[in-house]
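Number of protein chains: 2
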Amino acid sequence: MNDPSPLYVGQLNTPDRDAARREFRTIFERRFYTNHGPLVAEFERRLADRLGVAHVICMTNGTVALMVGASAAGLTGDVITPAFTFPATVQALSFAGLNPVLADVSPQWHSMTPDTARAAMASTSSRVAAIAPVRMWGRFTGEEEKGFAALANELDAALMFDAAHALGAGEGDRLAGGGGLFEVFSFHATKVLNCAEGGCLTTNDDAFAAAVRTAANFHDRPDDVDVPLRINAKMSEAQAAMGLLGLDALESVLEANARRYAHYRDRLDGMPGIRFVDHADTLVSNHQYVVMEVEERFPISQAELMQHLHNDGIIARRYFYPGMHEAPPYNEQDWNVPVTDGLCNRVLQLPSGEMIANDDIDRVCRSIEAVATRRKA
Amino acid sequence: MNDPSPLYVGQLNTPDRDAARREFRTIFERRFYTNHGPLVAEFERRLADRLGVAHVICMTNGTVALMVGASAAGLTGDVITPAFTFPATVQALSFAGLNPVLADVSPQWHSMTPDTARAAMASTSSRVAAIAPVRMWGRFTGEEEKGFAALANELDAALMFDAAHALGAGEGDRLAGGGGLFEVFSFHATKVLNCAEGGCLTTNDDAFAAAVRTAANFHDRPDDVDVPLRINAKMSEAQAAMGLLGLDALESVLEANARRYAHYRDRLDGMPGIRFVDHADTLVSNHQYVVMEVEERFPISQAELMQHLHNDGIIARRYFYPGMHEAPPYNEQDWNVPVTDGLCNRVLQLPSGEMIANDDIDRVCRSIEAVATRRKA
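Listed in order, the protein sequences are those of chains S and P. So the first sequence is residues 1 to 377, counted in the numbering used here. So the second sequence is residues 378 to 754, counted in the numbering used here.
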């Protein structure tokens, strides 16, 4: 197994190169490179149509979109958000002037639930201004969304979803995008829809959409409204060109993701000491993430298995390591997040995306199997 | 004079299209789209060399670069910055958690000086943590920079320059980039060096550079250091590709800017009621901005002249309108900035950049002359 080409976690669903060349040529011909050009406008329209949401506001990346959204909502005080998430979630909320209160997550699905959010309120005596769940690994359940909405309503708090993982996830016709006051998506190179860098905010609230459009750039327009602060968060035309081509390819990307995921599941599900994290809780999944837990009874630890895989040229990654409860500046406080703590030491994310063929998946699984058959030290 | 093609203020110095196509092709072949790829690394090296500064850290845009820099500096308290500036300066400092104190500017050069910065301290009783001058219209004087450094030293405050306008401006070999703790530049489509969107932070401070590199992305690297907050501020490879081509063309862009500027000056300097704002205070200017003041004795006001020019298809712009002292949220306080107040009602910026030929400049000047000869109402 001396395959020389390393396998990475990152999804790279890249558009057809000739199509990209044609799109870039139109930008140069038009000489309209940024400041809400025609391609950004078209990308926003098509995304709104695809996601079934009234407003899509494209931005330079998903992290900045979350920061701008939280800031434009004009909130001050605490925001309840999971400790088990990519750092961007929590740090963007801090940049927006909110005070993150870290909640634990469900052991099965790895995501904050209405119950774990409520339990986190024991960590604060201040006002909860917002609840910011993460659609972890693209998880979407309408039932749970109702639970979050009820909690937000009870607390008079704003509800905002970090849906960076969740483009295309949903239940039947109802896709992530219309939850709470707003949701944000990422179009980073590693996502199913790739603008190299990019992201957007989605909302069904007309007044809030106007506030976000005002807050996300400095160009005075007749429909500007008062917002707490403004920043340059604009998406360029080149980013939108990539995004539009990505939208054209999205169905086939999702189908290929589902096939890869099924191949992984067939080989890993039931392997002793490995818990394959399935997406059964989400009716329509984008299958973007292939995630497993290295259980206590597995012969070696998560960190050791990661190193073993790296030695085999398989660049699996610990997610999320460290957890936000152990990362500065949030580690200055003690948080009661035992599930997160365990997951940070058990979860591995496996290579997926368009560069990973079934043979590659077999190679990954053989490498894991080679260790699984050892005796635990 | 029924020329149908409108003339815009924006500079659009675009790279050769074939060269751009070749650069984009290498990105697709390499499949490395963002996360500090080889083109960003090369762009940073070449910029550092060009500007004579130890560290260049490219980011998604100049506004975010200022926000990240001010945040990474770990400051709390007041920051003295001019009221006469693009909103991004002040709002980025607010997003970084600083409290802007608005200073007035020099009537001749339109920029905050060490004296106007010191005068602004009357508006605050809190600690001044930072001074953030703007290199307005690309202005650079080493003498004044020394004055700011002395004031910052006296107050134990950090000094940071918004040099968004000032790429290539300087005195002999000494160019903007190495002033204070850091400077930020913009590579917006309207700048002499154009990445569509883009910007960078420059510094000679090794420890601060490490802090900024840590703060500007979420990718753990061995040389990460503790920073207050992190955010995704990454520049993509496509942005860097545009920037590298822009660097190749920079000398010819600057020469063309100087020619356009001289042509404007020859026609406008001395026109009654018009004050052509020359760049004589800056030994090496990028001549990016063609700026004039509509004086009291001119037959019509700035706003009326702007409308007159628009009617002639000349999209001149008021800069900066409104001033930051009149824009939310800063207008909640009364500021003593009479010079700024006057400039906001006198300054017009005229069309320049690569799409403006001498004939276009003649057309602009004829349109102004047509009004100048009227009797004042």
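Worth flagging that the hints you see were computed from the coordinates, not collected in a lab. All C-beta atoms in this analysis are idealised placements derived from N, C-alpha and C, irrespective of residue type, glycine included. There may be inaccurate statements among the hints.
Stated by the list, open to error - To give a feel for the contact side, a few chain S residues facing chain P, derived at Cβ under 10 Å:
1) GLN91
2) ASP220
3) ASP223
4) SER252
Claimed, not checked - Facing chain P, according to a computed beta carbon distance under 7 Å, are these residues of chain S, among others:
5) THR26
6) PHE28
7) ARG30
8) TYR33
9) THR60
10) PRO87
11) SER94
12) PHE95
13) ALA189
14) ALA196
15) VAL225
16) LEU229
17) ARG230
18) ASN232
19) ALA238
Hint by hint, here is what the structure shows:
1. GLN91: 5 Å, holds
2. ASP220: 9 Å, holds
3. ASP223: Given a least distance of 16 Å, the restraint on ASP223(S) is violated.
4. SER252: Violated. Min distance 18 Å.
5. THR26: Status violated, d = 11 Å.
6. PHE28: This interface hint holds because 5 Å falls under the 7 Å limit.
7. ARG30: Violated - the Cβ of ARG30(S) stays beyond 7 Å from chain P, reaching only about 11 Å at its closest.
8. TYR33: With Cβ-Cβ at 4 Å, under 7 Å, it holds.
9. THR60: 5 Å, holds
10. PRO87: Since chain P brings a Cβ to about 5 Å from PRO87(S), closer than 7 Å, the hint holds.
11. SER94: With a minimum Cβ separation of about 5 Å from chain P (threshold 7 Å), the hint on SER94(S) holds.
12. PHE95: For PHE95(S), the interface hint holds, since the closest Cβ of chain P sits about 6 Å away, which is under 7 Å.
13. ALA189: This hint holds: ALA189(S) lies near chain P, its Cβ roughly 4 Å from the closest one there, short of 7 Å.
14. ALA196: 4 Å, holds
15. VAL225: 10 Å, violated
16. LEU229: 5 Å, holds
17. ARG230: For ARG230(S), the interface hint holds, since the closest Cβ of chain P sits about 5 Å away, which is under 7 Å.
18. ASN232: With a closest approach of 4 Å, the ASN232(S) hint holds.
19. ALA238: 5 Å, holds
Hint violations for this structure: numbers 3, 4, 5, 7 and 15, all remaining hints satisfied.
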